[in-house]
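Letter by letter, the chains look like this.
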Amino acid sequence: MSDLHTRSVAELSRLLAADETTSVALTEALLGRIGARDGELNSMITVTPERALAQAAAADAARARGDAGPLTGIPLIHKDIFCTDGVKTSCGSRMLDNFVSPYDATLVRRLDAAGMVMLGKSNMDEFAMGSSNETSWYGAVKNPWDVARVPGGSSGGSSAAVAAGFAPAATGTDTGGSIRQPAAFTNLVGVKPTYGRVSRYGMIAFASSLDQAGVLTRTAEDAALLLGVMAGFDEADSTSVDREVPDYAAGLGADLKGLRIGVPKEFFDDGLDSRVAACVEAALEVYRSLGATTVEVSLPYLKLSVPTYYVIAPAECSSNLSRFDGVRFGHRCENPHDLTDLYKRSRGEGFGAEVKRRIMTGTYVLSAGYYDAYYLKAQKTRQLIAADFARAFESCDLLMGPTTPTAAFKIGEKTDDPVTMYLNDIYVNGVNLAGLPGLSLPMGFVDGLPVGLHIIGNYFDEARMLNAAHRYQQETDWHTRTPEGFA
Amino acid sequence: MKLTTDEVADIAHLARLDIAAEDVPGYCSTLSSILDFVAQLERVNAEIEPMAHPEDIAQRLRADQITGLIDRDRFQQNAEAVDAGLYLVPQVIE
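As they're listed, the protein sequences go chains A and B.
Read in order, the letters of the first sequence are residues 1 to 487 in our numbering.
Read in order, the letters of the second sequence are residues 1 to 94 in our numbering.
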């Protein structure tokens with residue numbers, strides 16, 4: 001079968017169940033594709049063929065014993081932020097270029113236990129700090145839809161890899177849009193669950209009150225299948241929420257009649273490309289034809305979400321990244337003459353420019369005399385932003401709008417001006433600040449480049465969000481389109 | 001707000017980051033523009049509680065009991081300099 005790389009997780013699962021292919025054949029095909037084509041994209045940091053083929057053989061053996069689930073033998077790629085036992089885990093940084101994790105992240109362990117096959121680890125913005133995947137120590141990742149453009153970030157290796165047909169699914173993390181924005185730029189579904197829904201154990205910390213793990217796939221059905229395995233309580237993560245995980249896949253297909261969709265008017269401000277706005281309106285029309293109603297809502301503090309985010313995220317990152325000191329793991333400078341020199345040069349050499357910028361921003365806003373003016377004020381604004389969402393959800397079940405103001409921008413276009421880069425995340429940051437679940441869904445093209453519909457759910461209402469996305473995909477075929485150069 | 005080169009050097013020291021002298025002006029400019037950008041928050045009414053957790057959830061506690069052991073030798077394989085189970089750093093006490 002020559003088109004295995006275009007198939008969804010659910011389709012591959014049916015092919016495997018019907019003995020029309022094997023996990024080993026599928027794994028070999030995808031590894032071959034990565035080897036042949038990733039030189040053009042740079043989406044992978046580490047490829048793990050031996051581990052993959054061993055897992056695939058084990059999956060085929062499990063199936064032969066009659067012991068296979070829906071994900072058994074399905075290949076995936078993990079963002080290189082997730083610790084993988086015995087495999088380099090770099091977080092896109094020179095700091096961790098020499099780091100081999102001695103344990104698996106909970107998410108990795110759960111997907112392994114479900115029988116999934118890890119093909120390797122994807123490239124990413126350094127320590128997940130970026131919206132374009134240009135800050136990686138391993139170089140920029142290119143968008144398969146146009147290799148002169150960014151694939152989004154920080155989960156840009158994951159988005160490029162799935163869009164290019166290297167795997168039907170990849171994991172990602174979303175601290176301020178890092179799953180949804182790359183999904184929008186590459187014609188994928190990207191799901192950021194509710195804060196606390198998926199364990200962060202073994203996921204290298206960036207901003208702990210915002211970080212959440214999720215998944216990038218071609219379809220909402222696939223995201224539902226994976227999220228069902230990834231979600232759930234974990235003793236090892238103190239922010240993990242002990243709450244039952246619904247069967248997301250079983251809930252798909254439910255009627256949308258009576259669904260109330262809130263459309264925040266602030267999403268349609270001057271910064272939005274009118275062609276993206278037209279795609280959103282067309283998507284809302286599809287929902288109305290399925291029996292949903294739309295109502296305008298307002299998120300008055302949304303405009304403060306980016307400045308709020310760029311106080312809180314750097315503050316937490318400056319604290320989290322203090323663990324990289326050149327002593328116990330990570331890069332260490334040559335011939336330190338004292339302990340301060342060891343710290344400063346190891347960190348100065350190990351971190352790239354954007355990470356240093358964020359550590360310094362965070363150090364400044366947390367320093368004596370500035371804490372109240374910046375961090376405390378940002379945590380208060382965060383309360384107002386969350387209250388906006390709570391008020392909006394009084395009159396609707398889901399919120400919808402654009403994921404990004406424009407389609408993917410060019411590599412190098414925004415690298416000189418961090419604030420312009422940060423503003424690309426205007427529609428996505430607020431969801432992390434409020435801790436809500438969000439999703440991006442393929443909804444059309446602008447100048448041949450994909451754009452995403454942003455769906456925001458209420459707390460722990462991933463099932464409704466996924467079903468709405470699934471129903472849309474049953475009515476439209478945007479998600480079935482693949483980039484010409486990687487057909 | 002415009003940070004001076006001395007202020008940036010001071011922040012870099014607090015963050016234990018070695019920044020090359022030729023890179024300091026660039027950080028002055030980008031950090032200043034970020035601080036100008038986040039200064040919008042000054043206008044926000046301050047009479048509200050700061051957020052502690054996005055959901056109304058208290059910190060979960062656990063019993064102070066050993067639940068698992070790590071393999072020290074394996075963990076120390078990631079360190080540049082160890083000896084007899086100890087991490088080596090430059091001499092701290094004269």
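Rather than coming from a laboratory, the hints here were simulated on the basis of the structure.
Be aware that a few hints might be false.
[As the list claims (entries may be wrong)] Straight-line C-alpha distance at most 25 Å; calculated SDA-like pairs for lysine to any residue: (1) 2(B) with 49(A); (2) 414(A) with 24(B); (3) 88(A) with 49(A); (4) 303(A) with 41(B); (5) 265(A) with 22(B); (6) 303(A) with 36(B); (7) 380(A) with 24(B); (8) 380(A) with 62(B); (9) 88(A) with 13(B); (10) 265(A) with 237(A); (11) 265(A) with 240(A).
[Stated by the list, open to error] Calculated Cβ distances over 10 Å to all of chain A for the following chain B residues: (12) 6; (13) 23; (14) 25; (15) 46; (16) 64; (17) 80; (18) 90.
Each residue gets a CB set at the ideal place from its N, CA and C atoms; glycine is no exception.
Here is what the structure says about each hint:
{"no.": "1", "hint": "2(B) with 49(A)", "in the structure": "51 Å, violated"}
{"no.": "2", "hint": "414(A) with 24(B)", "in the structure": "20 Å, holds"}
{"no.": "3", "hint": "88(A) with 49(A)", "in the structure": "14 Å, holds"}
{"no.": "4", "hint": "303(A) with 41(B)", "in the structure": "10 Å, holds"}
{"no.": "5", "hint": "265(A) with 22(B)", "in the structure": "45 Å, violated"}
{"no.": "6", "hint": "303(A) with 36(B)", "in the structure": "15 Å, holds"}
{"no.": "7", "hint": "380(A) with 24(B)", "in the structure": "32 Å, violated"}
{"no.": "8", "hint": "380(A) with 62(B)", "in the structure": "29 Å, violated"}
{"no.": "9", "hint": "88(A) with 13(B)", "in the structure": "30 Å, violated"}
{"no.": "10", "hint": "265(A) with 237(A)", "in the structure": "37 Å, violated"}
{"no.": "11", "hint": "265(A) with 240(A)", "in the structure": "33 Å, violated"}
{"no.": "12", "hint": "6", "in the structure": "13 Å, holds"}
{"no.": "13", "hint": "23", "in the structure": "8 Å, violated"}
{"no.": "14", "hint": "25", "in the structure": "13 Å, holds"}
{"no.": "15", "hint": "46", "in the structure": "6 Å, violated"}
{"no.": "16", "hint": "64", "in the structure": "14 Å, holds"}
{"no.": "17", "hint": "80", "in the structure": "4 Å, violated"}
{"no.": "18", "hint": "90", "in the structure": "5 Å, violated"}
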